[in-house]
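J.: The lines below spell out each chain.
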Amino acid sequence: EAGVTQFPSHSVIEKGQTVTLRCDPISGHDNLYWYRRVMGKEIKFLLHFVKESKQDESGMPNNRFLAERTGGTYSTLKVQPAELEDSGVYFCASSHGLTNEKLFFGSGTQLSVL
Amino acid sequence: GQQVMQIPQYQHVQEGEDFTTYCNSSTTLSNIQWYKQRPGGHPVFLIQLVKSGEVKKQKRLTFQFGEAKKNSSLHITATQTTDVGTYFCAANDYKLSFGAGTTVTVRA
Chain A
1 EAGVTQFPSH SVIEKGQTVT LRCDPISGHD NLYWYRRVMG KEIKFLLHFV
51 KESKQDESGM PNNRFLAERT GGTYSTLKVQ PAELEDSGVY FCASSHGLTN
101 EKLFFGSGTQ LSVL
Chain B
1001 GQQVMQIPQY QHVQEGEDFT TYCNSSTTLS NIQWYKQRPG GHPVFLIQLV
1051 KSGEVKKQKR LTFQFGEAKK NSSLHITATQ TTDVGTYFCA ANDYKLSFGA
1101 GTTVTVRA
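Each protein sequence line maps, in turn, to chains A and B.
1 is the number of the first residue of the first sequence in the numbering used here; add one for each residue after it.
1001 is the number of the first residue of the second sequence in the numbering used here; add one for each residue after it.
Hints in this document: simulated from the structure, not taken from any laboratory.
Note that the structure is predicted; figures quoted are calculated from it, not measured.
Positions of the beta carbon are idealized from the N, C-alpha and C atoms, including for glycine.
Okay, the calculated bits of chain B under chain A, using three or more residues with CB under 8 Å as the criterion: (1) 1041 to 1055; (2) 1095 to 1101.
Below 20 Å or equal to it, Euclidean Cα-Cα: the simulated SDA-like pairs (lysine to any residue) are: (3) B/Lys1095 - A/Gly97; (4) A/Lys54 - B/Asn1092; (5) B/Lys1069 - B/Asn1092; (6) A/Lys44 - B/Thr1103; (7) A/Lys44 - B/Asn1031; (8) A/Lys102 - B/Lys1095; (9) B/Lys1095 - A/Glu101; (10) B/Lys1036 - A/Val89; (11) A/Lys44 - B/His1042; (12) A/Lys41 - B/His1042; (13) A/Lys44 - B/Tyr1094; (14) A/Lys41 - B/Tyr1022; (15) B/Lys1095 - A/Ser53; (16) B/Lys1095 - A/Pro61; (17) B/Lys1069 - B/Gly1053; (18) A/Lys102 - B/Asn1031; (19) A/Lys102 - B/Leu1046; (20) A/Lys44 - B/Asn1092; (21) A/Lys44 - B/Met1005; (22) B/Lys1095 - A/Glu68; (23) B/Lys1095 - A/Val50; (24) B/Lys1059 - B/Thr1082; (25) A/Lys41 - B/Arg1038; (26) A/Lys54 - B/Lys1095; (27) A/Lys54 - B/Asp1093; (28) A/Lys41 - B/Val1044; (29) B/Lys1036 - A/Thr5; (30) A/Lys102 - B/Thr1062.
Here are the computed distance ranges between Cβ atoms for each label pair: (31) A/Gly72 - B/Pro1008: 40 to 50 Å; (32) B/Pro1039 - A/Leu114: 18 to 28 Å; (33) A/Ser9 - B/Tyr1010: 20 to 30 Å; (34) A/Lys15 - B/Lys1051: 41 to 51 Å; (35) A/Thr76 - B/Val1044: 21 to 31 Å; (36) A/Pro8 - B/Thr1081: 24 to 34 Å; (37) B/Ala1078 - A/Gly3: 23 to 33 Å; (38) B/Val1055 - A/Thr70: 38 to 48 Å.
Throw the hints in and build the complete structure from the sequences for me.
T.: Have a look at this one:
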């Protein structure tokens, strides 16, 4: 069974540019989560999809962040325009059915905004 | 969401020694999960604790959930170099809220 895959693994952009991160969850997993970790700090919740619906987006920092999950399969997270404080590792995670059963994490996207 | 504090933030351990990392919450938790992230890797689920006072073991790792369900601990005995990484606890309400993790390094 393929795990959660994320693309790209690394992205270096300049302040003001746009970046789109992609996550392919494990097939059949209805729950998809986006998290972000800034070095040395907690893994911070961004949002949660159940299938194609946003269940909880309370962790999204501001309206520069837009997440979509069209068709309830893969998800994208777009940052536009990127700011310096957006740097960090963006993790995607998925789980099968019950909310908050164990999460399967992707390898993350290391975003560096210069 | 829940706020969880993990201590210590860093743990430098001599190979073969034991250590404990702690996870504390100001509110009662429905359950708690533990994850391990190896250097350069991603968080991997270790265990979930649900019951008050629950103790679970995985080889050299012992996980405990406090009686009041406000704290949890992870104790590792006879630390090995394979134990390096960051250990996160995650409080479970309607979403998982992660602590900042305990980063473990091991000196041979």
